[in-house]
Every structure is written in structure tokens, then in C-alpha cells.
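A.B. asks: This is what each chain is made of:
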Amino acid sequence: MTAKLSAFPKEHPHEHEEDPREHLMLDPRPREEMNSMVLESMQDTPVSYWVTVGVLGLLVGVALFGAWGYMISKGMGVAGIRRPVYWGVFIANFVFWIGISHAGTFVSAILRVFKAEFRRPFTRAAELMTTFGLAAAGLYPLIHLGRTWRFYWMIPYPNQRWLWPNFHSPLMWDMLAITTYLLSSTIYLYLPLIPDMAMARDRSTGWRKKLYRVLALGWRGTEAEFHHLHTAINIFAFAIIPVMFSVHTIVAWDFAVAMTPGWHSTIFGPYFVVGAILSGVSAVTMVLALIRGTMKNMKYFIRPEHFDALGKLVLIFSMAWGYFFFNDFNLEWYGGEAVGHAVMDYHLHGPLSWIWYGMLVANIIIPWATLWNKKIRRNPWAMFTIGFIINLGMYAERFMIVTFVLSRGRMPFDWGWYKPSLVELSISLGSIALFLFLYAVMSRLIPLIPVWEVQEGQLAHTLRRIGKAEIPTVSELE
Amino acid sequence: MSETAQEKWGMVIDLDRCNGCQACVTACSLENNVGFVGEESAAYGRGMHWIRIQRYWEGEYPNITARFRPVMCQQCGHAPCEPVCPVFATYHSEAEQINVQVYNRCIGTRYCANNCPYVARTFNWFDWEWPEPLNEQLNPDVTVRRRGIMEKCTFCIQRIRKGEEDAEAEGREVADGEIQPACAQACPADAIVFGNLADPESRVSRLARSARAEKLLEELGTETKVIYLKGGSSRDR
Amino acid sequence: MPLKTRLRLPALVLIALFVVVVAAAAVLGSKSAQAQAEQPIAFNHSVHVEELGVPCLYCHSNAQRGQSAGLPTLEKCQGCHSQIDPGDSQALQDLARYAEENKPIQWVPVALQPDFVYFSHRPHVNAGLNCESCHGDVGQMTVAEPQGDMNMGWCLSCHKKLAPERFVKLSDCATCHK
Amino acid sequence: MSQQISRREFLKLLGAGAVTTAALSGCASATRLVKREPYTSMPEYTLPGTSTYYATTCRECPAGCGLVVRTVEGRAIKVEGNPAHPVSQGHTCARGQASVQTLYNPDRLQNAVRQAQRGSGKFDPMPWDEAIQVVQDALANNDPDSIAFLLGLESDHLADLVNEITAAMGARAPYRFGALGMLDARNTLVMANVLLFGHPGLPVFDIAHAEVTFSFGANFTETWLSPVFYTGAYGNMRKGTPGQRGYLVQFEPRMSQTGANADEWYPIKPGTEALVAQALGALVAEEIGIPTEGLFADVDVAAAARESGVSEEDLHRLAMMFAQSQRRVAIPGAGALGHTNGLDAAKAIMGLNILVENLGKSGGVSLMPESALGNTQMPSTLNDLTSLVEKMNSGKIKVLFIHGCNPVFELPAASGFADALQNVPLVVAFSSFPDETALQADFILPDHTGLEAWGYQKVSTASDRITLSSLQPVVVPVQDTRATADVLLAAVQAIGGDLAKQVPYENEVAFIKAKLEVLVGEDGYYAASDANTLWARWLQVGGWWDSDALLIAPDLTHAVEVLQKQPSALPAAAFSGDEAEYPLHLLVYPSPNLGDGRGANNPWLQETPDPMTTVMWNSWIEISPDLALELGVCDDDIVRVTSPAGSVEAVVYVYPAIRPDTVAIPVGQGHTALGRYARNRGCNPLQLLDIQKDASGNLAFAATRVKIEPTGRKHQLARMEDRVGVYGDRYGELYR
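Chains as they are written, first to last, in our numbering: chain A, 16 to 493; chain B, 707 to 943; chain C, 634 to 811; chain D, 7 to 742.
Do not take every clue at face value.
Stated by the list, open to error - Think about it this way: if two alpha-carbon atoms lie no more than 20 Å apart in a straight line, the pair counts; the simulated PhoX-like pairs of lysine-lysine are:
1. A:K314 <-> A:K434
2. C:K802 <-> B:K868
3. D:K507 <-> D:K519
4. A:K225 <-> A:K327
5. A:K224 <-> A:K327
6. C:K736 <-> D:K41
7. A:K130 <-> A:K327
8. D:K507 <-> A:K434
9. B:K921 <-> B:K936
Keep in mind that the hints were calculated from the coordinates and are not lab data.
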């Protein structure tokens with residue numbers, strides 16, 4: 016698609032003139048060189064890498080599990096939650112990480128289904144975010160339980176108590192949806208990994224070879240194998256999309272099915288899905304910028320064109336989010352129910368209203384003001400910054416949905432305010448560290464670039480000289 | 707789905723008699739082993755009171771007055787807290803037609819508390835302490851809740867059970883007024899009346915038929931079992 | 634491979650440690666849950682119940698009237714034992730010493746429910762249940778032994794079997810948990 | 007006698023069972039380690055796991071409510087009201103409920119102690135023999151004139167016993183004091199009763215049946231005289247009579263909880279209660295057409311309206327309402343009587359009752375007849391106490407026994423009591439807790455708490471009939487304490503001689519039984535033909551009282567004469583503190599939850615929200631929003647409150663129902679001792695009061711002016727309410 020856009024450069028004389036070879040698909044390199052570039056990036060472990068991983072690991076151990084252990088031993092009271100704000104940062108984090116986990120599926124599965132060619136080099140990076148985002152998200156329902164050690168009562172299994180869990184509870188739907196999503200997204204991550212594992216197996220020694228041998232499942236790269244793999248990936252790509260939608264819809268239902276004013280809204284399902292994709296895609300740009308900036312040989316694979324494409328997606332989803340936001344806000348405002356107005360008043364005029372205004376700036380004003388500009392979109396660090404701001408904004412949205420709404424119930428006598436405690440902040444920081452830690456470790460274990468997919472794409476793309484112009488052409492794959 | 711909830715135990719609170727004296731609050735806490743939390747926690751909304759008296763102001767000085775309303779779990783017939791609990795720790799008791807909280811089943815998701823429009827539920831943020839010999843006072847009929855567990859007014863289920871068990875052992879029906887929760891028993895103004903709503907002749911049923919009867923947030927369709935009798939008209943002379 | 638050995642050893646140690654810890658926890662846990670501390674006096678149920686034909690309710694008389702079946706008072710023991718020569722029986726000598734010092738005997742409970750379970754003997758006895766339905770044939774035991782798990786499913790299965798018409802109430806959580 | 011001994015043993019046995027049950031309240035995993043300890047011999051009517059109920063009397067305030075306490079295996083579990091009892095009628099207040107936490111309080115004294123250096127808090131345990139020896143020596147080796155007893159307000163068996171002992175010794179009768187009596191202005195009310203009706207006791211107001219009630223600062227649903235009795239009456243006033251809803255009008259500068267329940271509330275200027283009553287009286291007399299002489303003659307209604315802040319229209323309307331109603335009553339409450347013109351106010355307000363001739367009638371004012379156990383002795387006036395302080399200062403008092411009150415905390419600092427205590431060579435306190443006064447004693451010989459004690463109480467505050475309330479131990483004493491009556495009797499017996507002959511009782515129970523003999527054969531709620539039956543019924547029922555409501559009507563003619571002789575020009579209330587320097591009236595009132603402060607170490611009383619402010623675990627100063635704006639202070643600011651007599655720091659609660667020229671602070675907090683839950687919490691406003699008296703010689707506790715300065719510091723009050731939810735932005739920037 017991008018290739019097609021730049022097919023008629025002469026018609027846009029004011030625009031920056033592009034060299035078609037700026038596109039990865041039109042800038043092929045020999046297979047062996049590409050393979051070793053990727054392998055090199057995996058084995059490149061400078062001191063700075065170990066320091067980073069060490070610090071992250073320490074944060075995971077102390078800030079996440081240390082603080083959690085402290086909370087388990089003392090009680091939930093070390094968190095800032097209280098009557099009537101019984102849910103706080105933990106649930107906001109949960110929704111946030113679920114949102115992040117939408118990046119992979121969206122970028123990978125949907126773009127794959129729609130055959131968006133620019134996706135090729137970064138599907139895996141995005142899919143990894145899904146898995147690790149879910150890992151971080153999945154911790155929070157456990158963390159926020161008053162009696163974590165009894166979490167297994169939510170699992171339906173026959174027991175001497177003659178008791179089943181309550182399938183009416185959205186929390187049960189949550190648990191089922193998240194486990195399904197985790198399982199399917201892991202498989203979806205793994206399938207396209209097989210040929211790359213085989214590639215790595217054939218080019219490494221020692222423990223890596225052993226590891227990759229197991230993971231490659233005896234892949235030889237025959238035509239039949241590729242055919243099966245394509246079919247499997249295709250099936251999963253289609254199947255995982257509804258799973259993705261259902262997961263975040265169910266997360267939205269955690270709130271929307273409650274009779275709490277400010278939560279009880281039909282729009283919450285799609286609103287949450289769009290918000291999740293917005294924050295997820297923004298997070299993908301951040302991760303890509305980091306990978307490109309810190310890992311060897313990545314500047315070849317991840318190029319401004321990718322940031323450009325993702326930037327457009329972000330802009331579209333920012334607009335979609337704005338649309339849903341306006342729907343939600345406007346109807347509450349017009350509706351005029353007293354409690355709803357109290358909730359809204361707390362957003363607009365409360366002591367923490369800056370969060371609300373900040374969210375609007377981060378999620379609407381900044382993306383709309385910047386992302387129309389191609390120069391900005393093509394600048395990785397600018398995109399990193401914008402992605403970061405959008406994620407702050409999306410986090411603020413989740414924080415407000417959870418805590419602001421609970422602060423203003425139907426009983427004004429029992430309103431309350433909420434202040435996150437150090438323990439909550441520490442665990443939040445720890446979960447970010449967990450995500451980055453897993454990602455950093457994984458970046459040295461598996462190729463972040465699906466080499467075979469890139470190569471496949473490059474095979475299909477060629478530049479043909481027609482007259483004076485070089486025209487990129489794509490041959491149908493499969 | 708929308709059948710009228712069955713009636714059994716119910717409570718009538720006469721707001722014209724209630725003067726907000728807080729005797730019910732203390733009585734409830736001492737009957738039900740409710741923990742005390744200290745100033746700092748109490749200031750941060752962590753008081754464990756199962757019943758609280760809401761005090762609202764009306765008017766402006768000097769034409770000002772205050773209204774009191776004791777609020778506890780309203781024992782909804784259609785309770786918002788029940789469907790959201792993933793482990794049935796809170797559920798509707800078919801036998802007693804009240805909303806029961808099973809402490810030892812609770813895993814502490816606190817979803818029920820979020821979904822309670824009456825803010826009737828309290829959570830054990832910590833293990834509360836009863837320095838010796840204060841623990842001698844703990845009621846052996848009521849489980850002492852440890853940290854991480856949701857709790858709320860139970861209509862003094864231990865007293866209901868005891869009354870029923872006694873009646874059964876003696877081969878008779880429970881008499882009207884025989885079973886009283888701690889709040890009703892303490893109330894010096896006799897504002898709280900408890901009894902069987904299914905019995906049209908019980909004192910609570912007769913009061914519940916009063917023209918002054920109203921339910922809290924009735925529009926939510928929660929079918930509560932606590933009925934308030936509207937207070938006197940102090941301002942309209 | 635140096636890397637291989639470097640990795641293998643800690644991994645093996647970790648796995649071994651994990652297995653040991655889990656196994657130890659399981660063993661200790663089940664042991665502490667089932668182990669019966671020694672009774673202060675090795676009271677012989679068999680002699681009293683089987684040989685002498687003392688009815689259960691003679692000593693555990695509160696079972697009909699209240700929650701707890703109750704343990705016999707020292708006075709009650711002495712009602713008979715003051716007439717019996719301890720001889721060289723350790724148990725009887727111990728009893729005599731308790732009586733002399735008027736010191737209560739600290740029994741270790743055999744059938745015990747956790748604090749969050751409300752159990753009352755009265756309705757069960759009044760419903761015509763025999764003691765041995767739950768406590769086993771005490772006449773065949775010397776020191777009383779715990780019977781099975783006495784867990785929730787055990788309660789429920791009996792409630793369902795023996796009182797199906799009242800199962801709504803007898804399966805209500807609030808019947809036993811409050 | 008034998009019965010009493012067996013009872014004691016039985017209670018001890020009960021205690022043994024308690025150990026096991028206490029262990030059972032731990033967490034689940036520990037239950038495996040529990041040992042069960044059966045009784046060595048089963049006490050009668052005790053079944054394991056089955057509750058036993060005992061009737062006794064509440065000792066958390068002097069009202070004398072009857073309780074039924076549920077005990078399980080020797081532990082007191084729950085306090086409930088005694089349904090047969092005329093005062094409590096089956097109900098209790100928050101303080102009564104929390105009395106189990108007095109009993110099991112972790113900070114109680116565990117045995118008799120000697121304190122080598124006063125105030126040090128370093129206690130050396132001593133055996134009770136030695137403790138009794140101390141009392142014996144003190145009684146035997148000192149001149150009777152130099153021995154003083156200071157007792158609490160309760161008209162109980164101990165007061166009777168000490169009266170007998172002092173009479174036998176030739177010493178002065180015991181002084182009686184309690185902050186609740188002082189802040190209820192009980193003496194002023196009694197004095198008014200004496201002057202008007204010739205009756206040395208408190209009047210009883212039949213609020214329950216009144217159609218219209220005018221309450222002049224009487225907080226009768228909180229702490230005033232007998233809160234449970236009057237709260238019950240309040241409930242019945244509203245809904246007790248079919249087709250009738252009693253109408254309550256409250257006059258007070260700061261809205262009390264009672265005022266919050268009133269149908270009309272008038273924030274009148276402090277000290278103008280007498281004027282309002284006079285104006286109403288004059289208008290009522292005019293309406294019902296009786297000639298006005300004396301007190302109600304030539305009243306300038308317009309001036310009264312101007313002075314008090316109640317409009318003339320309102321006065322006319324209220325007077326009409328009062329005059330035209332069938333059953334109406336006016337109550338002279340503490341707020342009205344706590345001024346230098348308090349006695350006049352009492353007469354004027356009682357005058358309203360006399361005008362409408364409601365004396366002895368349903369919905370009116372009556373008097374309690376004298377009980378068979380003799381009349382109740384009224385509290386000492388401040389005059390008496392100041393003379394005691396003088397005697398202490400001049401060294402005339404060599405021995406001071408203090409029981410049932412905490413004067414170092416409860417008396418205004420300006421009274422000089424704490425300093426005077428330093429001049430008494432021997433101070434013996436009988437407090438169960440190491441309170442502020444006990445800390446200034448040489449010996450503390452802790453008495454049992456109410457639920458462990460024997461006794462009786464002659465209900466003197468309010469009841470609808472003669473009521474004698476019994477106390478019996480519901481559990482074996484938790485600590486190694488001993489009944490003060492037993493200690494005194496043991497000392498008296500050891501001294502022997504004439505004294506022992508005149509006070510011939512072997513112990514406390516023998517004394518009580520001897521006193522109760524007069525009830526044998528008396529017709530009442532039950533009639534007992536012999537002493538043993540009486541004793542059994544007495545303990546079972548929870549006391550002795552008439553079977554029907556029976557009060558006596560005051561003599562109208564005498565009262566009318568007194569009023570007619572009273573000149574109508576009354577002196578204005580005087581205040582301590584120059585108005586320019588100290589611009590604000592200070593109102594101190596007993597906290598509805600903590601009362602006089604003796605319950606401040608009961609954690610559940612601390613955690614029970616105050617009815618009006620919903621504040622827990624602290625005290626506060628109530629400031630009107632206007633005043634707060636003027637002073638530039640807002641909620642949770644710490645301010646310094648200074649009066650001519652002293653100064654304290656208090657946390658601001660912006661209170662929408664108080665006059666802008668008045669501030670109010672509850673009494674009950676501000677302990678420097680007593681225990682972990684009470685210590686260093688809030689402030690004690692009694693430190694601010696200057697010594698001003700009314701005509702009856704009582705403290706005019708509302709006659710002190712103060713000023714307020716912000717300190718710039720803050721302390722967040724623990725509130726049940728949400729400030730924003732309740733107050734919104736009604737007061738704008740105050741809540742930022």
C-alpha cells in the first residue's frame with residue numbers, strides 16, 4: 016500500500032521526494048546476510064544490556080514481588096484503596112496492560128488479514144507485546160485479590176465443597192477470556208516463529224542450538240510445511256480477532272454491567288476496544304523505536320516508513336477514540352441524572368481535574384496536532400514521544416474510569432477520594448519492569464524480526480523500470 | 707427474572723423516632739466482632755461500621771436542620787452485589803430471603819462493594835487487633851474476619867439462626883419480636899423494628915404498610931428489605 | 634561446554650529444591666492437619682461404651698441441648714471413679730491426681746470444625762441421628778480417633794441423603810457459616 | 007450469706023472456661039492446637055456453649071439504666087437493655103453498649119499499687135492486705151475532720167456506706183462530683199426545684215406524652231440526666247400516641263443532636279434563655295387570660311426578641327402554640343442553666359410549666375418520690391468543692407479518698423484542684439484505670455468495673471416510678487481488683503471499736519442485703535416475703551421498682567407564690583473575658599459518645615462517630631462558616647483557643663448550625679492518662695473555663711469568652727461523612 020502511494024512521486028512535487036529503496040520490501044539483501052544480521056542482533060549483549068536487564072530484574076523482584084509479598088502479609092490496606100473506592104491503580108493497570116496486549120493482535124492479525132505489507136518486519140515485536148502485556152495484566156487480578164492464596168476458587172473444578180464458581184460474574188468471564196486470549200496469542204506468536212527457529216537452529220551452537228532444535232519442531236522448510244504453516248497462521252489470524260475484541264469488551268463489561276453511575280453505559284465495549292488499540296498501537300511505535308535505537312542491525316529492518324504507517328493508524332484510532340469519548344461524555348452531560356452529573360463534575364472541576372484535561376490533551380490534541388505531519392510520523396523518536404504521551408493519556412483514562420467514578424456514588428454522604436499508595440506505585444512500576452524485562456530477555460532468545468516473512472515479502476516486491484520511472488510491483492503471494 | 711422478591715425477614719426504621727444517637731452503631735459493632743481501626747484509618751474511609759448514620763443538613767443557618775438516616779445493608783431482593791461475586795461468597799439465601807456474606811468463601815475481589823449503591827459493605831484492609839483481654843468480649847457465634855475479606859450487615863444472622871433453632875427444638879413457630887438484631891435491640895428510641903414481613907400480622911409488616919413507608923433508592927429495583935418511615939415535617943409548619 | 638555446565642547445575646539445584654519444598658510442605662501440612670496430640674489421660678472409650686454400656690449422652694450430655702456436646706466434669710468422672718481403686722492403671726492414677734488437685738483435665742479435641750463453621754449437636758441429635766453416624770463406633774476405639782475429613786461435601790451429602798425435603802435450608806451457606 | 011459465697015466460687019469456675027474459648031477466637035489453623043478444659047464441677051444452669059444472662063446496672067454514666075448482660079462460659083459478650091427496667095426499658099445507649107470494653111480494657115490497673123512519686127506513673131504492686139492497712143491507718147490515725155471522701159455522682163450503695171462511715175467517725179459527709187452533673191447544671195435545677203416546690207431532687211419531664219415541648223438547651227437525647235430514658239420518651243413523643251406527633255422547639259446557640267431533631271430550632275444569644283422564657287410566659291399568660299404578677303409581669307417582649315435573636319412574630323406564634331396545646335412542657339436544660347443567671351433562667355422556664363399548670367399531669371412536670379432506701383444525696387455545688395480546695399490548700403485535709411470521679415480532668419483547671427492535691431499528705435484513689443487523678447495519688451486501690459461489681463443504685467435522674475437498680479457481677483473479676491466497699495469495710499472492721507459497731511457489716515454484699523431488708527414485704531414489681539426470696543428476685547429482675555408508673559405532683563400554689571414574689575427584672579448573664587479581647591462565647595458540652603470522658607479508652611466508643619459531626623477518635627471546635635471565613639480558617643486547621651483562664655489547641659470543624667459569635671468544643675477527649683486509646687487525643691475544653699458561679703453556687707460553665715488564633719498547622723479529622731458530598735461547595739473556598 017505504501018509502495019503504491021509513492022508510485023507517482025511526480026504528482027506531488029512539493030512533497031519530499033522518496034527513493035523507493037527506502038522501503039524495506041524494495042531494498043532486499045541476500046538471505047544469508049539478513050539471517051546473520053538478525054542472529055547478530057540476538058547475540059549482541061553489551062554491558063549496557065546486562066545492566067538494563069539486571070536493573071529490570073531487580074525491579075521485578077523488589078518493586079513488584081517484594082511489594083506484593085508485603086501487601087499479602089500486611090493486608091490490602093497498604094494500598095490506597097478505601098470505602099467507597101474499592102478498586103484503584105491495580106485495576107487501572109490491569110485494563111492498561113490488557114490494552115497494550117491488543118497491539119500485537121491488531122497489528123499482526125488484522126494487518127495480516129488485510130495483507131498490509133508494511134507489517135512484515137514488526138509483527139513479532141508486536142505479538143510479543145501481546146503475550147507479555149497479558150502476562151503483566153494477568154498478574155493484577157491476582158494482586159488485587161484480598162486473599163490471593165484463594166484465587167483457585169475461581170477455577171471451575173470438581174471439589175469436596177460441592178461448589179462451582181459463579182459464571183454470572185463478569186470476573187469469571189474475564190478469567191476465561193484472558194486465559195483464552197493468552198493461550199491463543201501465544202500459539203499465534205509461536206507459529207510464525209517456527210521457520211525462524213529452524214533458521215537459528217542451523218546457525219547456532221551450544222545451548223541455543225538445543226533450545227532452537229526443540230522449538231523448531233524439526234522444521235525443514237519444505238513447500239508442504241510452508242503451506243501448512245500459512246494455513247495455520249491464517250486460521251489463527253482470523254480466529255484471534257474476535258477473541259481480541261471479546262477480551263476487551265469483557266473487561267469493559269466489568270464496569271458496564273455494574274449499576275454504578277458512570278460505568279453503566281452501552282458504549283463501554285467498543286470504547287474500550289478502540290482505546291486499547293490506540294494505546295496498543297502507540298506502544299508498538301514506542302517499542303519499535305526502542306528496538307531500532309538499541310539493537311544491532313535493526314535500522315535496516317525498521318524504517319521511517321513503518322513509523323509513518325503506524326502514525327496514520329494512531330491518528331485514525333485517536334479520532335475513533337475521540338468519537339467514542341464524545342458520545343460517552345455528551346450523553347451523560349445531556350442526560351442530567353444527578354449522580355452522573357456529580358461524577359462528571361468530579362472530572363471537570365474536582366481537585367484532580369487536571370488528569371481529565373491532561374487526558375484530552377494527550378489523546379486528542381497532541382495526536383491530531385502532530386500526526387498529520389509526515390515528517391513527524393517518520394521520525395522514530397518523535398513517534399516514541401507521542402506514543403508515550405498517548406499511553407499516559409490512556410492510562411489516565413483508565414485511572415479515572417476506575418477511581419473517579421467510584422469516588423462519586425449514589426450516597427453523597429459516603430463519597431470519598433483516592434490516593435494511590437507507595438505500594439501501589441511500586442507494584443505498578445514493577446509491572447512495567449516485568450514487561451520490559453521479559454521483552455529484553457526474549458529479544459536475545461528469539462529473533463524479533465520474522466526473517467522469513469521479510470524475505471518472503473521482498474521476493475514478492477520488485478522494482479520495474481517503465482520508461483524513466485521505477486515502478487514497484489507486487490506479485491500475489493500464496 | 708423480574709418476579710417480586712419473596713419476603714421473609716425485614717426491618718422498618720422510623721425516621722421520625724430516630725434521632726441519630728449512634729447506639730445502634732456501637733451495638734452492632736460489639737455484637738458482630740467488627741474491628742476498630744484507629745484514627746488514621748478511620749480518617750481514610752476504612753471504618754468497618756456495618757451500620758452508619760447518615761447526617762444530612764437541610765437549609766441554611768439559622769433555618770437549618772439535620773436529617774439522620776441509619777443505613778446498613780438493605781438486604782436487597784435483587785441484589786447488585788450477588789451476581790458479580792465470582793465465587794458465590796455473597797448470595798441470596800433462599801431459606802432466609804436475605805443477602806448472605808460467607809466470610810470463609812470470600813476471596814476479596816471487592817466487586818460487590820463497588821456495585822452496592824448503598825455503600826453498605828466494608829472490607830478488612832488489615833487484621834484488626836483486640837489487645838488482650840479485649841478479645842474476651844468477642845462473640846463466639848460470629849466468625850472473626852481476617853484480612854482480605856468483605857463483610858457487611860447480616861441482619862444478625864446468628865440471632866436469626868439461634869431463634870429458629872430454639873423454636874424448632876421446642877416445636878413451635880418463631881414468635882414476633884423474638885428475634886432482634888443488635889441495632890433494633892439497642893435503639894433507645896425504638897425506631898428500628900425487625901420481624902417477618904411474610905407474616906401480615908407481625909409488627910414489622912404492620913409498620914411497613916404505613917403511608918410513610920419508602921425504600922432507599924427504590925428506583926433501582928433492588929427490592930430492599932429495609933423500609934424507612936419518612937421523618938416528620940420539621941420545616942413545613 | 635562451559636556455558637552448559639554453568640547453566641545445568643543451578644537449574645538442577647533449583648528444580649530439586651522446588652520438589653523438596655513442595656513435598657515437605659505437603660507432608661507437613663497433611664501431618665499437622667491429621668496428627669492428633671496425645672491426650673492427657675489415655676481415656677478408654679471401649680471399656681466405658683462397649684464393656685460397661687455407658688450411653689454417650691451420659692458424659693456428653695449437652696449434645697441434646699446445645700451446640701457443643703460437652704465434656705464430662707471431673708465431678709462426673711469421680712462419681713464412679715471415687716469408688717474404683719486405681720490399682721496400677723496409669724490412666725486411673727492420673728485421674729485420681731486431677732481429682733485430688735481439683736484441676737481441670739485439658740482434653741485435646743478429636744472432632745473439630747474450624748472457627749468459621751457453625752455446628753450444633755442439638756438439631757442433629759433431635760433429628761434422630763446416632764452418635765456413631767459421625768463419630769464412628771467409639772466402642773471399638775480405645776482413645777477416640779478422628780473420623781474421615783468431616784468436610785463440607787461430607788456434611789452436604791448427608792443433608793441431601795437424609796433430609797432432601799429440607800435441602801434448601803440445609804444447603805444454605807448461612808446454615809453453617811455466619 | 008452462704009449463697010453469696012457459692013456465687014463467688016461459681017464465678018471463678020466460669021472464668022476457667024473462658025481461657026479455652028478465648029483461644030478459639032484465633033484463626034482457623036490454630037484450632038488444631040486448642041485444648042478443651044471442662045469444669046471440674048459444673049455450675050448450675052450453665053451449659054457449654056450456651057449463653058447465660060445476668061441483670062445488672064450500667065455504670066458508664068449516673069443515669070442507672072438496667073442491663074441484661076449475655077455471658078458465655080464466663081465471658082461477658084454483649085450488653086443488652088433490661089426490658090423490665092423503668093429507665094432503660096430494654097434499650098441502651100452507645101456508652102452502655104461499650105461497657106464490655108471497660109471491663110476487658112487492656113489498660114486497666116491489674117492490682118493495688120503504690121506510687122512512690124506522684125505523677126510518675128511508676129506503680130509498685132502491693133498485696134491487698136497492705137492496701138487495706140493503708141486505708142485502716144489513714145482512717146484510724148487522722149482527725150476525722152481532716153479526712154475527706156470525694157465520690158462520683160451515682161447515688162449508690164457506696165455513697166450510702168461512706169455516709170454511714172463518715173457519720174460514725176464524725177467526719178464530713180462525702181463530697182460528690184462528676185462532670186456530667188456539672189455540665190447538666192443539676193444543682194441549679196435542683197435548687198430551682200427546692201425554691202419552687204420544696205423538693206430536693208430533679209424534676210421528671212413527661213416528654214413522651216407532650217404535644218409541644220420547649221427545650222431550653224436540654225440535650226436530652228444525648229447526655230442530659232438520663233439519655234436512654236429521655237430518648238425513649240422522645241420516640242414516644244413523635245410516634246407513641248396514635249394520631250399525635252409531638253412538636254419540639256429547641257432554643258440553644260449551638261445545634262445539639264437534640265436540636266437537630268427539633269421541629270424548630272432557635273439559635274438564641276447565650277445567656278438570654280431567661281428573657282425568652284419570660285417573654286413567652288408573659289404572652290402565654292395573656293393568651294390564656296391569667297393575671298401576671300412578679301416574674302411574668304411587665305415583660306418587654308420586643309426587648310427580649312432583640313436581645314435573644316428570636317423575632318417577635320416567632321415569640322407570639324410559639325406562645326400561642328404553647329398556650330393552646332393540651333399537653334405542653336418546658337425543659338430548663340444545661341445550656342440555659344449554665345450561665346451566671348442560670349437559677350433565674352431555671353425559675354423562668356419552670357415558670358412556663360407553672361403558668362400552664364401541667365404539674366403532675368400527663369405531658370407535664372412531676373417529681374420522683376423518695377425510695378425506701380432513703381433519699382438520694384445531691385451533688386456537691388461548686389461552692390462546696392471550692393471550700394474543699396481551700397481546705398486542701400490550707401493543709402486541713404490530711405487524707406483524701408477519691409472514687410468514681412476524675413476531678414483533675416473534669417474540674418476546670420481554674421478551680422485549682424490539681425495544685426491543691428499536692429498539699430494533701432495522703433491521696434488514695436479507687437479508680438479502675440490509671441486516670442489523671444489516680445496518677446496524682448499515693449495509692450491506687452482499683453475497684454471493680456461495673457460489670458464485675460455488686461451494688462445498688464437509687465435512680466435519681468429520671469424514671470417514671472421509684473426505681474432501685476441492682477448490680478451483680480456478670481463475670482469473675484478480670485483483674486486482681488477489689489470492691490471499694492469491701493476495702494473500706496475491712497479497714498473499719500480492723501479498726502474495731504465503736505466504729506465497727508456502728509458500721510457492722512462484714513462485707514459489701516452483707517451491707518447491700520442489710521439495706522435491702524426494708525424492701526421485704528413491700529409491694530412492687532414483685533413482692534418478696536423474706537430476705538432470701540427478695541435477694542433472688544432482686545438479682546434476677548435487676549432491682550426493685552413500683553409495678554406502675556407513679557410520680558408525685560409538685561405543689562402548685564407554693565410555686566405560684568414564689569413566682570409572684572420574684573421581680574420581673576432579671577440580672578443579665580455575666581461573662582468572663584472582655585468582649586473586645588475575647589469576642590466569642592465558648593460552649594462546652596459533654597460528648598454524646600464519650601460523656602464525661604470516662605469512656606474515652608473504649609476503642610469502640612472512640613470509633614463510634616459523633617452524631618452531629620461524624621468525627622471519630624478526636625475532638626474539635628465547632629465554628630460557624632461565617633466566623634471561619636472571618637478568621638481565615640477552614641476544616642482541619644488547628645487553632646489556639648484562649649480564654650482568661652487557659653488555652654488549648656483544637657481542630658476546626660466548620661459547623662453550619664452554630665451562632666457566629668459562639669464556638670463549641672465537646673468534653674471527653676484531651677486525656678493525658680487513662681490508657682492507650684484515650685491518651686493525647688483532642689483537647690479538654692474544661693481547661694478553658696473560668697470560675698463563674700450562678701446564684702445556686704454552681705459553675706456557670708457557659709460564661710467564659712474565648713478568642714481564636716490560627717496556628718497554621720493542620721490535622722485531618724476522621725469523619726464518617728464525606729465533606730464534599732455533604733457540604734458540596736456550599737462554603738466555597740473553605741473546602742479547598
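A.B. asks: Could you run down the list of hints and mark each one as holding or not?
C.D. replies: Consistency of the hints with the structure:
1. Of the pairs offered as hints, the one joining A:K314 and A:K434 is violated, with about 43 Å between alpha carbons and a cut-off of 20 Å exceeded.
2. Only pairs whose Cα atoms come within 20 Å are accepted, and C:K802 paired with B:K868 is accepted, the gap being roughly 14 Å.
3. As the CA atoms of D:K507 and D:K519 are separated by approximately 17 Å, the hinted pair is consistent with the 20 Å bound.
4. Of the supplied pair hints, the one linking A:K225 and A:K327 is violated, its CA atoms being roughly 42 Å apart against a limit of 20 Å.
5. For the proposed pair A:K224 and A:K327, the alpha carbon gap of about 40 Å is over 20 Å, so the pair is violated.
6. For the proposed pair C:K736 and D:K41, the alpha carbon gap of about 14 Å is at most 20 Å, so the pair holds.
7. At most 20 Å may separate the alpha-carbon atoms for a hinted pair to count; A:K130 and A:K327 meet this at roughly 17 Å.
8. About 72 Å separates the Cα atoms of D:K507 and A:K434, which puts this hinted pair outside 20 Å; it is violated.
9. Under the criterion of a C-alpha separation no larger than 20 Å, the hint pairing B:K921 with B:K936 is consistent with the structure, at around 10 Å.
Hints 1, 4, 5 and 8, counting from the list given before, are not met by this structure.
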